[in-house]
Amino acid sequence: GWNVYTAKNLPVKHLKPTGKSYRKSARLLQGEAMYRMRYGLILSCIALGKGAFHRKQGAFLFNGIRGYFQASSNKPEYLVTEEEGRFIRDRRWKNIWKKLNPFRRRN
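Sequential numbering from 23 applies to the sequence shown in our numbering.
Hints in this document: simulated from the structure, not taken from any laboratory.
Possibly wrong hints are sitting among the right ones.
DSBU-like cross-link-like pairs, simulated, lysine-lysine; straight-line CA separation at most 30 Å [claimed, not checked]:
1) LYS120 <-> LYS72
2) LYS97 <-> LYS116
3) LYS78 <-> LYS38
4) LYS97 <-> LYS72
5) LYS78 <-> LYS116
6) LYS120 <-> LYS78
7) LYS121 <-> LYS38
8) LYS35 <-> LYS121
9) LYS72 <-> LYS121
10) LYS72 <-> LYS116
11) LYS121 <-> LYS78
12) LYS72 <-> LYS38
13) LYS78 <-> LYS35
14) LYS72 <-> LYS35
From just these sequences and the hints, can you work out the full model?
Set out below in structure tokens:
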């Protein structure tokens with residue numbers, strides 16, 4: 023067998039942001055994934071906007087929305103059932119409202 027040890031004092035540098043080296047055709051996939059997970063347009067726009075803000079790339083938002091609309095016209099197979107989609111949306115909205123509540127307890 024193997025013994026696994028974690029070096030807590032070892033610094034780790036993430037030099038390449040996630041998705042930095044994707045091919046050009048992959049830029050629409052984030053929006054398509056949100057469509058296939060039944061996020062809905064408004065929730066998808068919020069999530070894509072947050073991703074664009076963190077990446078400091080406005081094009082991420084527009085490409086994601088374009089991918090969402092492209093997927094909605096192509097009607098690819100959904101990844102989750104209607105019930106699972108409702109659960110995902112409810113949970114995401116609940117977390118959004120919780121973060122927007124100025125009276126929430128902060129850890």
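These are the hints, each one checked on the structure:
no.: 1; hint: LYS120 <-> LYS72; result: holds (16 Å)
no.: 2; hint: LYS97 <-> LYS116; result: holds (27 Å)
no.: 3; hint: LYS78 <-> LYS38; result: holds (14 Å)
no.: 4; hint: LYS97 <-> LYS72; result: holds (25 Å)
no.: 5; hint: LYS78 <-> LYS116; result: holds (26 Å)
no.: 6; hint: LYS120 <-> LYS78; result: holds (25 Å)
no.: 7; hint: LYS121 <-> LYS38; result: holds (28 Å)
no.: 8; hint: LYS35 <-> LYS121; result: holds (29 Å)
no.: 9; hint: LYS72 <-> LYS121; result: holds (13 Å)
no.: 10; hint: LYS72 <-> LYS116; result: holds (16 Å)
no.: 11; hint: LYS121 <-> LYS78; result: holds (21 Å)
no.: 12; hint: LYS72 <-> LYS38; result: holds (19 Å)
no.: 13; hint: LYS78 <-> LYS35; result: holds (19 Å)
no.: 14; hint: LYS72 <-> LYS35; result: holds (23 Å)
Every hint, counting from the list given before, is met by this structure.
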